[in-house]
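Quick note, the sequences are listed as chains A and B, same order.
Under the working numbering, the first residue of the first sequence is numbered 1, with each subsequent residue one higher.
Under the working numbering, the first residue of the second sequence is numbered 1, with each subsequent residue one higher.
Since the hints were made in silico from the structure, they are not lab data.
Even for Gly, the Cβ is constructed at its ideal location relative to N, Cα and C.
Computed footprint of chain A on chain B, listed as stretches where at least three residues anywhere in the stretch have a Cβ under 8 Å from a Cβ of chain A:
| hint | region |
| --- | --- |
| 1 | 67-73 |
| 2 | 76-89 |
Calculated lysine to aspartate or glutamate pairs in the DMTMM-like style (CA-CA distance at most 25 Å, straight line):
| hint | chain 1 | residue 1 | chain 2 | residue 2 |
| --- | --- | --- | --- | --- |
| 3 | A | Lys225 | A | Asp174 |
| 4 | A | Lys53 | B | Asp133 |
| 5 | A | Lys108 | A | Glu119 |
| 6 | A | Lys52 | B | Asp133 |
| 7 | A | Lys108 | A | Glu124 |
| 8 | B | Lys129 | A | Glu61 |
| 9 | A | Lys227 | A | Glu266 |
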Amino acid sequence: MLGHAEAWLRAGVSFYAMPSATVTSARSKMQLYASLSVYVGLAICLIFFDLKKQTFSPIKEGISNVAYFVGEALSPSDDWFLQFGSHLSYKLSLTQENEAYKQGQLLKDAQLQIIGSLERQVEELQALLGLYQRSPYSMQAVTVITATDSPYEHTLMARFAENAPVDLGDYIIDAHGLVGQVLSVEGVIAVIRLISDRRASVHTQILRTGLRGVVFGGGARGGLKLKFVPEGADVLVGDVLVTSGLGGQHPFGIPVGTVVSVDGEETSTFYQILLKPSANLHANEDFLVLTGAVRADLFDHDQKE
Amino acid sequence: MSLFLHKLSNAKIAWSIVLGLFISSVGLPGLAATMAPDVLALIIFYWATLGVSSRPKMGTVFLLGLFVDFSTGGAIGMHSLKYVLMLTIAIQLGNRFQMSPVLKQIALIVLVLLALEILLGGFVWIFLKIPLDIKSVIVAAMWGLVWPLVAAALDKNYSRTGAK
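Make the full structure from the sequences, and use the hints.
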C-alpha cells in the first residue's frame with residue numbers, strides 16, 4: 001500500500017487527489033512506522049544507557065529484588081509440586097486403606113454379633129438340657145416360628161416334634177421360669193400365650209411366705225401384676241413368686257416372677273404389685289413344654305430365696 | 001476460526017496479557033531464568049494479528065517490555081524493542097498469518113523469534129563485546145513451537161457476544 005502511495009506521489013498527482021481509502025491506509029502505515037521509529041530509537045537508547053553507562057542499575061537492582069521476592073512468593077516451587085503430589089497420593093492411599101479397614105471392621109462386627117448370638121443360644125440350650133435331664137417330668141422341645149408384634153397380644157407360634165404329646169394348657173418354660181401356656185395345637189404347631197399377655201393368668205404362691213395370689217399379664221406395659229392381695233399382706237420387693245400347683249394339673253414351684261414394686265392405692269384396699277418375669281419371654285427361640293405328670297419341685301429355689 | 005465477525009472482549013485481552021506478563025516475568029517452576037518462555041511475546045503477536053480492535057498499542061507494548069526487563073533484571077529496553085518489533089511484524093502480516101496453515105505459522109514465529117534474539121544479542125555484542133550465546137538464542141526461538149497451544153488457549157478466550 002505504501003508503495004502505491006509513493007507511486008501516486010511520484011506521478012505528480014496531489015496527495016489529496018488519491019482515493020480516500022488509500023490515503024487512510026497510507027497514513028496509518030506512516031503513523032505505524034513513525035511510532036516504530038520512535039519506540040525503537042527509545043529502546044536502543046535505553047539499551048545503550050543500561051549496558052554501556054549502567055544508568056538503570058540501582059533502579060533495576062531494587063526492582064529486581066522486589067520482583068524476586070514477589071515471584072518466589074507467588075510461584076510454586078518444585079518442592080511444592082512434589083509435596084503436593086506426595087500429599088495427594090498419600091491421602092489417596094490412606095483413604096483406600098481406611099475404606100478397607102472399615103469394610104473389614106463391619107465384617108468382624110457382624111461375625112462377632114453372630115458369635116455372641118450363638119454363644120447365648122448355646123448357653124440357653126445347655127440350660128434347657130440340664131433342666132430336661134434333671135426333671136422328673138416329660139418334656140418336649142419347641143422352637144419359635146413367629147411372634148406377634150402387637151403390644152396387646154403376646155403370643156408365639158412354635159413348632160414341636162411330630163407325635164409329641166403337646167396339649168392345650170401345657171406350661172411352656174425356659175431355663176429360668178414360666179414362659180406361657182399352650183393356647184391351641186394344630187398339627188405340629190402350637191400357639192403359646194405368654195404370661196405377659198393381658199389375658200393370661202397364673203395361680204402363684206410367694207415362695208417366702210406361702211401367700212397365694214393370681215398373677216396377670218401386664219399387657220401393653222409389659223411385665224406382670226399380682227392382683228387382689230389385701231393391704232397389710234406380707235409382700236416385699238424381691239419376693240419370688242412360683243406356680244402354686246393348685247388343681248394338680250401343673251407342677252408347683254416354677255418361677256413366675258420377682259416383685260419389683262408394691263404400692264397401695266387410696267381408692268382400693270388391695271396392693272398394686274408389679275413383677276418382673278423370671279423367664280426371658282422375648283429373647284429365646286427354644287423352650288420346653290411340660291407334658292407329663294406333676295409332683296416334685298422342678299426348679300432349685302435355694303439360690304433364689 | 002472466524003476472525004471478522006466476533007467482537008473481542010477487552011477484559012479477556014487484558015487478562016491474557018497480564019498472565020503472559022506474569023509468566024514472562026516470573027518464569028515457570030523448574031526452569032532456569034534463561035530458559036523461561038516469553039509467552040507475552042506470543043500473546044502480543046496473537047492479538048496483533050487478529051485485527052485493529054484487539055491490537056495492543058505500541059506504547060503499551062513498550063511499557064510491558066520495560067516491566068519485564070526490570071522484573072527479570074535484564075538489559076533495559078531489550079524486551080521493549082522485541083515486543084515493539086513483534087507487534088509491527090504482526091500488524092504487517094495481519095490476517096494472512098491467521099489464515100495460513102499452522103505449520104507455516106509455527107515456522108514463521110520461530111524464525112521471527114530467532115531473528116529478534118539475534119538482533120538483541122547483536123546489541124549486547126555491540127555495547128558489551130559479549131559474543132552471542134547461540135544456545136539461549138535457539139532455546140528462546142524454540143519456544144515458538146508452543147504457538148498452537150497459545151493460539152488455542154486465546155482462541156477460546158474471546159467473547160462471541162458480537163457475533164450476531
